[in-house]
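Chemist: First to last, the sequence lines map onto chains A and B.
In terms of the numbering used here, the first sequence is numbered consecutively and its last residue is 832.
In terms of the numbering used here, the second sequence is numbered consecutively and its last residue is 832.
Keep in mind the hints are simulated off the structure, nothing from the lab.
Only a predicted model underlies this, so the values are computations on that prediction, with no experimental measurement involved.
Every residue gets a Cβ at the ideal spot worked out from N, C-alpha and C, and that includes glycine.
Watch out, some of these pointers could steer you wrong.
[Stated by the list, open to error] Below, computed lysine-lysine pairings styled on DSS-like, alpha-carbon distance capped at 25 Å: (1) A:740 with B:740; (2) A:164 with A:225; (3) A:164 with A:174; (4) A:685 with A:703; (5) B:724 with B:740; (6) A:510 with B:164; (7) B:724 with B:362; (8) A:362 with A:724; (9) B:740 with A:164.
[To be verified] Just so you have them, the derived chain B footprint on chain A, three or more residues with Cβ under 8 Å: (10) 172-183; (11) 309-317; (12) 460-470; (13) 692-702; (14) 768-781.
There are 2 protein chains.
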Amino acid sequence: MPTSLNAAINPTSIAVIGASDNRNKIGGRPIHFLKSFGYAGDVYPINPNRSEVQGYACYASLDALPRAPELAVICVAGADAVAAVKACAQRGVKIAVCIASGFGETGPAGREVEAEMVAAARAAGMRMIGPNTQGLANFATGAITSFSTMFIEVPPADGPVAIVSQSGAASVVPYCMLRERGIGVRYVLASGNDADVNVCELVREVAQDEGVRLILVYAETIKDAANLAAAAQLAHRRKVPIVMLKSGRSARGAAAASSHTGAIANEDRVVDAFLRKHGIWRAGDTRALVNAAELYLNGTDPGLGRMVALSNSGALCVLAADLAEQLGIPLSRLSDQTRTLLAAALPSFATSTNPVDVTAALLTDSGLFGKVLPILAQDAEVDVIYLAIPVAGEGYDLQRFANDAAAFVQSTGKPVVLSATQASVRAPFRARGIPVFETESDALGALHQCAAHRALVAAGGSVVFAPTGVTVPAGNAPFLSEAQSLAVLAQAGICVVEHELCGSEAVAVAAWQRIGAAVAVKACSPDLPHKSEYGLVFLRCDTETKLREAYRACVAGMRSAGAKAEGVLVARMVGGRRELALGAKVDPVFGPVVMISDGGKYIEALPDNVLLLPPFDEAEVAAAMQRLRIAPLLRGVRGEAPLDVAAVSRMAVRLGALMSGLQESVQSIDLNPVIMGTAGEGAVVVDALLQRA
Amino acid sequence: MPTSLNAAINPTSIAVIGASDNRNKIGGRPIHFLKSFGYAGDVYPINPNRSEVQGYACYASLDALPRAPELAVICVAGADAVAAVKACAQRGVKIAVCIASGFGETGPAGREVEAEMVAAARAAGMRMIGPNTQGLANFATGAITSFSTMFIEVPPADGPVAIVSQSGAASVVPYCMLRERGIGVRYVLASGNDADVNVCELVREVAQDEGVRLILVYAETIKDAANLAAAAQLAHRRKVPIVMLKSGRSARGAAAASSHTGAIANEDRVVDAFLRKHGIWRAGDTRALVNAAELYLNGTDPGLGRMVALSNSGALCVLAADLAEQLGIPLSRLSDQTRTLLAAALPSFATSTNPVDVTAALLTDSGLFGKVLPILAQDAEVDVIYLAIPVAGEGYDLQRFANDAAAFVQSTGKPVVLSATQASVRAPFRARGIPVFETESDALGALHQCAAHRALVAAGGSVVFAPTGVTVPAGNAPFLSEAQSLAVLAQAGICVVEHELCGSEAVAVAAWQRIGAAVAVKACSPDLPHKSEYGLVFLRCDTETKLREAYRACVAGMRSAGAKAEGVLVARMVGGRRELALGAKVDPVFGPVVMISDGGKYIEALPDNVLLLPPFDEAEVAAAMQRLRIAPLLRGVRGEAPLDVAAVSRMAVRLGALMSGLQESVQSIDLNPVIMGTAGEGAVVVDALLQRA
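Generate the whole structure from the sequences, applying the supplied hints.
Modeler: This is the structure we're talking about:
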């Protein structure tokens, strides 16, 4: 079903406003490309000073065209570009691609002009790509409205990869790397400033093309989480992986992004949590963006990812074992039978454990891989083979090695990847469809990514829970009082400390007696969210005298601070094994976010926390908590019993539901401390603070 | 001055035992190489079945030679190899290179045979390389006794790089990568099993060659720390950097290394500390081993490393800023004058802050880099330039860009590095001597490595301190008692808790009264190093009753445990701000090692520590402590005063001196806890345990 953006990637007619005969001018390049790459639709150069451009009839204006073009690429600058956008909107153009720079990325004045263009487009039902975009390219149809030099330098070929990027350069860098490896690319889309159409929408658009089997994305800001989530869902349904390079992680990077594409900074750890939730793999740099492409495209099923490393070099075996541990790739434990067979097949000084070192004996026995691979094929513990041939050449039968590897893949369906320093060694393997890499790190990085990405997609996002239906009491103070906050949490099914809000000293004494143990006495006022800073928290009150003194100090303290006194809170002192803190907030782009953190005084100075985006289930919380630095303590160390991760997981799920339900009225919820007991003992919120939106 | 290994890298005559006419046989390759690569010394093929091999006169045996060859390469296997080693020793050969595998790396029996060869060699004053070695190559003289296929596939050229490796493959992988980049390599030395000559000795040997300006090392075990340290000292004196890839980090990697070269596992964190101390850069993988080669070789002085990133792509500017933060590369803060000049030189929509985005306007104005670089040249905050040209080609004047970059380097002496996706863009820069990289990560990784490596070398190793002269009391128990341990520390000038060893209850009471505060009461016996596990530590005794009860419990506890009772220790309870632990031990290869660790119950489960190898000074300890996770607390957070890092540094230096002085008699020293106060308050050892060697 065509969507409103279909004309962006698949236009039936294209006008080029500011058309040039010079293919090295921005107004000349698209026309050159449309002609060279076989675009079959109508091409309308527009330039009042010419009658013909690069062999096409040229028109003086949009109005002079025989019909409205589906897409118009605007190659004029400044005020002319703004006028052209408006003219396109009036003429009934579906998609305007505005290449000119100098708008939102330059500051407030530029943003204003940009907004004017967007308004004109939207009023007419037109969509605008850019401004400050390199343009769009569809190599299936030859609809190229981009001015990139790269398409002259590195010949295109249609294929299964879609590249979607805010930046033009960052779109053609992966294009170049893939094309040099012989991989075809269908789309290279640059969205520029994302003033109207944003990079997430374009990802969603290409995810619908049945010919696309891998999507690579470069973004400096994500401002449309919903469309990216929808794109991921579409893509996963078709088993199409999405890999994203999201820059602007650092303060200086975010500042640079703002001057580049007018990007608004995202909170980077929330981006991580979002991408993880939606099964989008986050690449660390441009090489990592493309590194696993062959593995993705050949439909590699890494199964449980248990790997055998096999090499003619012991050093590569050692390096592979080190890297496997570092990346978390499990090494296959070979069966006794496999090892016996390997030992029989290999020279006596070779290694029949995993990694398998066939040694330099490969120089004299070209059949070694052919003997070893069928043995490994029969071992159920083997999911993938990493073959390292760091050196070979004269005297080595490379063709036979490649055939042996291909035969293994064909007979087992299990993937083989190769690393080889020499291009001449990689070539025959590549020709047989084996993914090849130059270094051990690239090869194992790709294998790891494939398996981990698959696990991420499998784990993701089927949970739907209803928000809690809890409401917050009305009020004008920016914060709820502690008693109000605890009441909201309790309604949401979150276990809070036993407590009572006391309006008189006598009630407080009675509360203490009823609790029957040491209590904490705290001032309760919506005006004093940080009451301990006022010295209005009294812990371990275990005598009536202490209790009464604390009560009076709280009342006096609230009075002298001029705070509205709701009362004095008397709460049980809770013992436990570990202090955590849970929090939730509403991110302006990504919505509700829940944080689970180790607790204590240095929660900010020595951060140890994980973020999750609701909805999520208890298993996801428990898995995320295993990424905490304190994870060993949760499992129990030094003979200690494990901690009650299940109770905290339950609490986090309910907190997520609560935050989701209250996001219109509440900005953040802090539960600190949360006291966690031994498994089975539960977890309890001892203090809480809700901030209104 | 020639050393005993000079004949290994620079032999005047070479015999090849097991010589073959077939250049694809192990016995044929060295002869082929000696002939092809212009070796001018005498070549003696040895093979009883031939009179000529590859054009050289062939001899039946070593004895048949006109004179003893300086070097003999043994290409026969098994028992023949052993016999050949012995024959070489008898004949007066200086260096035997034993290529055969199947010795130490296969297990105990192999190790025994290997030891026999070493014994024969040593008895005759001969040195042996290998067994299980690929051999040696010196491309300055053509003395190639290696059988590597790589020298056929990738033509050699003499140059400033020495590669020394246990593994043959891991020696030719960097060779291949460097040669493909046009860099000459002088030495490619593989040491194999290191049975006699080890990899560290060979590093020391090549470090003496004035023609060598960069040394790359691959090792699976370091067993000769002294020679590696000496090599580093030699190299640094000549400003020659050493970069090492040390594998066998992981358990499986160490196991694989053991079957590969018979390598004995090093403790990896001690390796880190050793390499850091000796200014040897540790590379993470094979690419990282060679990545910064051009920067090292062109004598790049990165100064303070403050970088300007400059690109025609905003995306690369953003990525560079992110990476700079990640790697710790400082970004130059451009002066107002620089920014004003940049703004005037650039299009209005370009960015005149750092990173500098000249934008795609570079397509229409080829002079942009030429305008910008001279402006940057005048800013004192600029140490290095990172130029990113992710896309260029037709319409771009690449030659001019390269000339502009080279002119900047020439006029300022400041380095420029380039990253470019396309080989065609890299080529003109490479031709002008600019180090080029394919990706932003490689380029910035190399820049960072150069600056950080230089800082490492500058920081390293001028400290010499005298050991303390302290001795330990005689005894047979594996541990010293706490009182003995504390006494040794006190003699070494380490501040220990106020305490008294009490032989009677009355003495204990008097001690408590003298201390005048709460005390800890502990059983003191060399037989109970872990006394708290026996419940024989009583904290916070603040009444005579508690004290007496604790005393009696200690006495009774030692009696029932059958432990030799030295007495009962009464020690002041020490308050402070943070609990640390310090430790020292003797590593079998690297000698004394000092650990500084965050303290507490979970010291093993949640490790946070740094290692240092004595001698070191207080500044080195303080710098190392900044690498602890708790470093922010040391500096003071949340308005807290900083902690007394100086006192802990002093303590660590004295502990290092003590461990160095006692390494014959003491295996380890544990100070746990060490209570650290606010700056100026000091640090005090509360419990200590010395283990005898």
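Chemist: Would you list, in rising numerical order, the hints stated earlier that this structure does not obey?
Modeler: 9, 10 and 13
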